[in-house]
Amino acid sequence: MSENNLPIWEVFIQPKTGAPFQHAGNLHATDEEMALQNARELYTRRQEGTCIWVVKTEHIVSSSPEDQTSFFDPADDKVYRYPTFFKVSKKVKGL
Amino acid sequence: MAKDLLYQYVLALGDDALILGQRLSQWAYKGPFLEEDIALSNISLDMFGRANLLLEYAASIKGNNATADELAFKRNEREFSNHILCEQPNGNFADTMVRQFFLDAFYKLFLQKLTNSKDEQLSGIAQKSIKETTYHLRHSSKWIIRLGDGTAESHAKVQSAIDNLWMFTNELFEINEIDKEMVKEKIGVDCSSIKSEWDKIIDDVLAEATLRRPEKTHMISGGREGIHTEHLGHLLSDMQYLQRAYPDAKW
Chain A
14 MSENNLPIWE VFIQPKTGAP FQHAGNLHAT DEEMALQNAR ELYTRRQEGT CIWVVKTEHI
74 VSSSPEDQTS FFDPADDKVY RYPTFFKVSK KVKGL
Chain B
9 MAKDLLYQYV LALGDDALIL GQRLSQWAYK GPFLEEDIAL SNISLDMFGR ANLLLEYAAS
69 IKGNNATADE LAFKRNEREF SNHILCEQPN GNFADTMVRQ FFLDAFYKLF LQKLTNSKDE
129 QLSGIAQKSI KETTYHLRHS SKWIIRLGDG TAESHAKVQS AIDNLWMFTN ELFEINEIDK
189 EMVKEKIGVD CSSIKSEWDK IIDDVLAEAT LRRPEKTHMI SGGREGIHTE HLGHLLSDMQ
249 YLQRAYPDAK W
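Each protein sequence line maps, in turn, to chains A and B.
For the first sequence, position 81 matches number 94 in this note's numbering, and the numbering has no gaps at all.
For the second sequence, position 12 matches number 20 in this note's numbering, and the numbering has no gaps at all.
Some hints here could point you the wrong way.
[Claimed, not checked] Each computed DSBU-like pair below joins lysine-lysine, with the alpha-carbon atoms no more than 30 angstroms apart:
no. : chain 1 : residue 1 : chain 2 : residue 2
1   : A       : 29        : B       : 258
2   : B       : 116       : A       : 29
3   : B       : 126       : B       : 136
4   : B       : 121       : B       : 38
5   : B       : 126       : B       : 203
6   : B       : 11        : B       : 150
7   : A       : 69        : B       : 38
8   : B       : 139       : B       : 11
9   : B       : 258       : B       : 70
10  : B       : 194       : B       : 258
11  : A       : 69        : B       : 139
12  : B       : 139       : A       : 29
13  : B       : 38        : A       : 29
14  : B       : 121       : B       : 208
15  : B       : 208       : B       : 194
16  : A       : 29        : A       : 91
17  : B       : 11        : A       : 69
18  : B       : 126       : B       : 258
19  : B       : 38        : B       : 82
20  : B       : 136       : B       : 258
21  : B       : 203       : B       : 192
[Said to hold, decoys possible] Stretch by stretch, here's where chain A covers chain B in the computed footprint (C-beta under 8 angstroms, at least three residues):
no. : stretch
22  : 38-46
23  : 145-151
Honestly, the hints are just simulated from the structure, not real lab data.
Predicted model, so just to flag it, every value in this text is computed and none were measured.
For every residue, glycine included, the Cβ atom is placed at its ideal position computed from N, Cα and C.
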């Protein structure tokens, strides 16, 4: 089996229950089950996660470098979008 | 109960794990692609971990300062009591997966029963191992289905592996005098009692994989009594080389 024939999958790991999934990396696999198993082998051997998502890389829609100006620059003078004007109680966890 | 029987019982289980682990480790850096290479190495390490626990336990039963390393590296072929299936060569990827699938299905059922052992060490080792084996079986059975229901070539290769290895499967369910004694003491597992469940796991996967179960064929056994195929000696000469050439060498 040639590696060139195998689709690439992106792997997302949830570090603990309720936490957001984080991109861990990618891998080769022929099908969903193999992608999950390989993700387990490659990215969660040391108890890094409680749940794994895999998605074919071709199914990810990405913004392109050319979009960078129109997508992100308009935010740079809108400081009021940051929630930093509020005082956060020290008792609040997980922010 | 004779201490020696428990020793031999634990030793045989340790030998199964050790020899299978050694076989799987021979795939390291030669796997069909990177991810599968790592998967095979991980399964190999699981087997070595299990072998270590069992051989350490065996050494402690034996006493006289025996060690797990001594048992692994300083016994001869005829003193190994692993099932013959464990020592069969890796062959092509289908050969390895079929060997693994037959054994994983067996270990899943065997370890489930062993968790009820009156012997706390064995029951503990079984509880730890069953989680690994559940994953191993998932891995190997999915490969059997992929290869069987894959291309004409992969189908032919996996069917031929099944036909070639089938003769070693009956040994898994044989009961010798040691087994009988261990079952009587509620320490060991009556392997003959898990044969029908094993058949069902195998038949279900083979059906999904569009593969054929071999007709009744001549069955080979003897591993538990130290009678092995010619392959074990070669495996041991490789595995034991360092300790034989440089006795008691340390890292």
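Hints versus structure:
1. A/29 <-> B/258: Since the Cα atoms of residue 29 of chain A and residue 258 of chain B sit roughly 41 angstroms apart, the hinted pair is violated (cutoff 30 angstroms).
2. B/116 <-> A/29: 29 angstroms, holds
3. B/126 <-> B/136: 16 angstroms, holds
4. B/121 <-> B/38: Judged against 30 angstroms, a Cα distance of about 35 angstroms means the pair is violated.
5. B/126 <-> B/203: 22 angstroms, holds
6. B/11 <-> B/150: Not OK: residue 11 of chain B and residue 150 of chain B at ~41 angstroms, beyond 30 angstroms, violated.
7. A/69 <-> B/38: Given pair residue 69 of chain A, residue 38 of chain B holds - Cα atoms ~26 angstroms apart, limit 30 angstroms.
8. B/139 <-> B/11: Since the Cα atoms of residue 139 of chain B and residue 11 of chain B sit roughly 29 angstroms apart, the hinted pair holds (cutoff 30 angstroms).
9. B/258 <-> B/70: 23 angstroms, holds
10. B/194 <-> B/258: Violated, because 39 angstroms separates the two Cα atoms, which is more than 30 angstroms.
11. A/69 <-> B/139: Given pair residue 69 of chain A, residue 139 of chain B holds - Cα atoms ~28 angstroms apart, limit 30 angstroms.
12. B/139 <-> A/29: Holds, because 20 angstroms separates the two Cα atoms, which is no more than 30 angstroms.
13. B/38 <-> A/29: 34 angstroms, violated
14. B/121 <-> B/208: Judged against 30 angstroms, a Cα distance of about 17 angstroms means the pair holds.
15. B/208 <-> B/194: Given pair residue 208 of chain B, residue 194 of chain B holds - Cα atoms ~26 angstroms apart, limit 30 angstroms.
16. A/29 <-> A/91: 33 angstroms, violated
17. B/11 <-> A/69: 56 angstroms, violated
18. B/126 <-> B/258: Given pair residue 126 of chain B, residue 258 of chain B is violated - Cα atoms ~36 angstroms apart, limit 30 angstroms.
19. B/38 <-> B/82: 28 angstroms, holds
20. B/136 <-> B/258: Cα-Cα ~29 angstroms, so holds.
21. B/203 <-> B/192: 19 angstroms, holds
22. 38-46: holds (count 6)
23. 145-151: holds (count 3)
Going through the hint list in order, the structure does not satisfy hints 1, 4, 6, 10, 13, 16, 17, 18.
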